[in-house]
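Q: Protein chains in written order, with numbering that gives the first Met the number 0: chain L, 0 to 212; chain H, 0 to 212; chain E, 0 to 212; chain X, 0 to 212; chain V, 0 to 212; chain R, 0 to 212.
No lab work stands behind these hints, which were simulated from the structure alone.
C-beta: ideal position from N, C-alpha, C; glycine also.
One or more of the hints may lead you astray.
Where chain R lies over chain L, by a calculated footprint (3+ residues, C-beta under 8 Å) [unchecked claim]: (1) 39-52; (2) 58-72; (3) 111-120; (4) 146-154; (5) 198-205.
With beta-carbon atoms standing in for the labels, derived distance ranges [what the hints assert, rightly or not]: (6) S157/V - G51/H: 52 to 58 Å; (7) E45/E - S157/V: 56 to 62 Å; (8) D75/X - A162/V: 48 to 54 Å.
Using 27 Å as the maximum straight-line C-alpha spacing, the simulated DSS-like pairs for lysine-lysine come out as follows [stated by the list, open to error]: (9) K163/X - K163/R; (10) K163/E - K163/V; (11) K79/X - K163/H; (12) K163/H - K79/H; (13) K49/H - K118/H; (14) K163/L - K163/V; (15) K118/E - K79/E; (16) K163/H - K163/R; (17) K79/V - K49/V.
There are 6 protein chains.
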Amino acid sequence: MSPAGTSPKPSNAPFNEGAAHHAAPSRFGVPALDEMPDDVRAVCEESRAKLGFIPNVFLAYARRPEHFRAFMQYHDLLMKGPSGLSRAEREAIVVTVSAENTCLYCVTAHGAALRILGKDAVVADQIATNWRTADLSPRLRAILTFASHVNEPGFTASEEEIAKLRAAGLSEQDVWDVAAVAAFFGFSNRMAGLMDMRPNPQFHELGRPGSSR
Amino acid sequence: MSPAGTSPKPSNAPFNEGAAHHAAPSRFGVPALDEMPDDVRAVCEESRAKLGFIPNVFLAYARRPEHFRAFMQYHDLLMKGPSGLSRAEREAIVVTVSAENTCLYCVTAHGAALRILGKDAVVADQIATNWRTADLSPRLRAILTFASHVNEPGFTASEEEIAKLRAAGLSEQDVWDVAAVAAFFGFSNRMAGLMDMRPNPQFHELGRPGSSR
Amino acid sequence: MSPAGTSPKPSNAPFNEGAAHHAAPSRFGVPALDEMPDDVRAVCEESRAKLGFIPNVFLAYARRPEHFRAFMQYHDLLMKGPSGLSRAEREAIVVTVSAENTCLYCVTAHGAALRILGKDAVVADQIATNWRTADLSPRLRAILTFASHVNEPGFTASEEEIAKLRAAGLSEQDVWDVAAVAAFFGFSNRMAGLMDMRPNPQFHELGRPGSSR
Amino acid sequence: MSPAGTSPKPSNAPFNEGAAHHAAPSRFGVPALDEMPDDVRAVCEESRAKLGFIPNVFLAYARRPEHFRAFMQYHDLLMKGPSGLSRAEREAIVVTVSAENTCLYCVTAHGAALRILGKDAVVADQIATNWRTADLSPRLRAILTFASHVNEPGFTASEEEIAKLRAAGLSEQDVWDVAAVAAFFGFSNRMAGLMDMRPNPQFHELGRPGSSR
Amino acid sequence: MSPAGTSPKPSNAPFNEGAAHHAAPSRFGVPALDEMPDDVRAVCEESRAKLGFIPNVFLAYARRPEHFRAFMQYHDLLMKGPSGLSRAEREAIVVTVSAENTCLYCVTAHGAALRILGKDAVVADQIATNWRTADLSPRLRAILTFASHVNEPGFTASEEEIAKLRAAGLSEQDVWDVAAVAAFFGFSNRMAGLMDMRPNPQFHELGRPGSSR
Amino acid sequence: MSPAGTSPKPSNAPFNEGAAHHAAPSRFGVPALDEMPDDVRAVCEESRAKLGFIPNVFLAYARRPEHFRAFMQYHDLLMKGPSGLSRAEREAIVVTVSAENTCLYCVTAHGAALRILGKDAVVADQIATNWRTADLSPRLRAILTFASHVNEPGFTASEEEIAKLRAAGLSEQDVWDVAAVAAFFGFSNRMAGLMDMRPNPQFHELGRPGSSR
């Protein structure tokens, strides 16, 4: 190419110069802990005691306490309530849907949760990249196949796919739970997209071999 | 065509012979009123008193009371709670998203709500078919444009589109509310698709000129 | 949010303030009745005598009489000519395709025709929202499944799908007619999109229980 | 790879062994000339006199004379009637739309027409492959950009794109004609897909430098 | 339409007035033969001796000799190296993928190669328009079905589709070769799109009945 | 739900029971080191000396030495040859494209390379999930925006997007390099999808804070 085509940039220079990690949990701002209602602050402090930091999703929703409460109540019912799905299976659904929706916050935060609860960081990473090529048991493959279908626009369940889930050992309530977790996180992914929610940097290493958790 | 091509079916015969309206509110079955917990039954009965029938979404969720409560609490916060968006505007968001997701239950039930609250059955029908070609004010067009974007997989909000909403008179909380209503109903649409939720036939005529409501 | 975030709009305000129904049948304008050639005006007046108003599609095409004639002749052959498909079945094809193409004029006008000819306003509304979840007989489901396929870009018919239609009782001519109606209205939908064709408001209520027709 | 991986097929063998050119004009069969109504046969014979062969689209539609007549009348109005678009421009629209719909019959037959009428076999071939990278004048680029938009499902025209066409020298009738030709051939492409219509082999060479036409 | 709608353009005017064939092989420019390294120039001259002209892809890549060498070495291995696929079959894969990617250079240049090597200009043209409706042997249909799948974003091969290829007579190496040719030309198509690579006009007629080659 | 709906699976059970990590580098098998030609084995051993293991891509391609050589030569030219793009920038392109193509092998292996070369594990993970929401400098955002466009089917570069890259400081050769790296890895992603290539487990932790590399 012409001399104008030469580039002074040395080939081994560091990349992404001048870019800083964008640290604000939400584009709408977050309240200080002492500005939060007591119940909201209590949830945040409990989480900090357990993880060592407050996940940004708590801070972002704390901006509107009524929304914080409604979201967390539904979230906890789906993710921690009684179900034939293990907690790790539910996190696998969340990571599957969030990866398909390319949701940075949810893939990062729930990817960490899946590494911890599932005790298999390799499979957790695989699901975060492409659940279809992950090393899955037939039961987990059936679950994630359905979760991915739920995540599509215009989803309606066929009798055939419900029968396949039943054949994989899921009860009717379990089928409901797969769909509810998948669909709720499609909602949550979009709220993260609204707020430009940023994952806490600690999530990147949680649950990895070199990590204390 | 050959004589084999002739068809004995008279050209003016009724269509869809032998098909019955599928009346079950949910493929998973619904409890009788007297099997419901008191608080759930109270919601159902209140609704019947007001509308003359119990919307099938109540019956379908009553199958699992904890899910009923979490869903209705979040729903009511979003659809009836304080907001700079009028209730009719919120219903217009629901109909827009539900039409894009081709959700039979939600388009039918919330189409009726929009006809009643918006007091314009023509525009309500237009939004149920194609919000883009509906007769919208600039404010409502801005709202539905954003709601439709939220509904896309992989949604993230740009600064530009938020600025457009602010320029149309929406507060930051209003922007949040547009996204929350749109995303929550993406979730709800998928739950209706899971359950094969059927709209009560009464919804088809509610809010029309010839209707008493 | 900050005080700037508060919104003075009362939550129950009417919605869509300032928007008027856009009444022009076509963006290209329409001729007065006395400017039309005799044969074109006769069609318009016959329609007004029958329905009480002139459907805007007639006025829009009357702008160019040669196009009016070619369109109406083909339309009438497909929709009213001899066929093994009932007229209601043909309207169901039109509504299916028009809903997939989100054509406001055609969904509204032919939705009304389907309610009248099919004598089942509930199923007509279902098809206008999502034919897949409508209460369809096996024959009508086979017809609309094929019509929807025809509507896709790059359509080619497989032997398998033609065999399914034959098994559902359709003759070869009927198969042709399903495809011809579906494809012709894909054409018609795009002409409506060109002209920004607006449905007459009367179509919204025709064929409903409270209507005289 | 294992010995089983070796293949006896010599690298320079002819390809596609055993495949014959599929010669039936339509999967539904075609009538003999002397079975056709006089007016239909006259069109076929006129075409044979002019081209040396009868295009298969005539034979395929002759199966149903009423459809033949309605199709040909509309076709001739659009493709040969008075318009501000030259006949070559109209063929360029047909090839553009047919290529996007990957319609074998229409790309081949109208590709030949475009080579003949446009007197530029290179540009005709370019449009058949990708109109976007073809060597187009600003006027023809504006026309084909709009035609391609018309061809999309859910098309509605914006004021902005109509203004661009007007700025490129098109009248309102010309805009209508671009859309009508594009949309009519979307219909025609689907009819060819229904019938598995096969192009006459002669079309491949018509209008090429080595051809007498 | 109004008098403003009349257009002075005569209906039979030539089309595409003022557009010239865009002759530059690449938007980045090309070196003169005597500026090329000896090995690169030798390839160009050999090609000119054989075809009568230098394909523009050689000139375009000659801009960067190291890229020229890496590209041509890989290309020749895939297209001319030992394989259970005939050279014509490999060209059919290239044309299939290039047509799906609407790559003007590759469809035109490799369409010519396929006409020459396959000795069937009709089928070559069919594949350039739509391989699905081309007159293919079962073996070639199996090959092109797989090639088209490889070309999709996110491709992963299933055991089932590999088994189908094996059943059609392909060895494991042949399966690899189908995928490698298809995927390499997805790469090549994008490089042509980068450079705005223009096909030499001679390619349009090579291998046609009226051509000396 | 009915008692049949109860599930005996305890909610905290481990997930994915019975699934093993699928360890074969390629579905087509790989040669032992002593079965490889000397030059191929030397590459493998050099890589093991440097990384502590042989990346599975080397073993998979070693199945066919000629392909190994052509692939590695082109790969090394693009990824290690002289360029105005730093090596980390090139890896960022690879991760961007591979994530869009959901290629498990390439996201995992090149994600590790990007963590090491870019010295920012957080941004590397962000790019692996969604480059659009990653913390990027304007230069890197311009590069990845173009790389993502190259990766789309039917890509052609516009003058406008090339001008944007030039404005971000890239030379013409750099623009070429962005496209070449992006398109070459679209090819490579598909080869990994062909072979069901599995990432070595070590890649998951390389370049992380707790890792020695």
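Q: Could you tell me which of the numbered hints above are not met by this structure, giving the numbers in increasing order?
A: Checked against the structure, the hints that fail are numbers 1, 2, 4 and 11, while the rest are satisfied.
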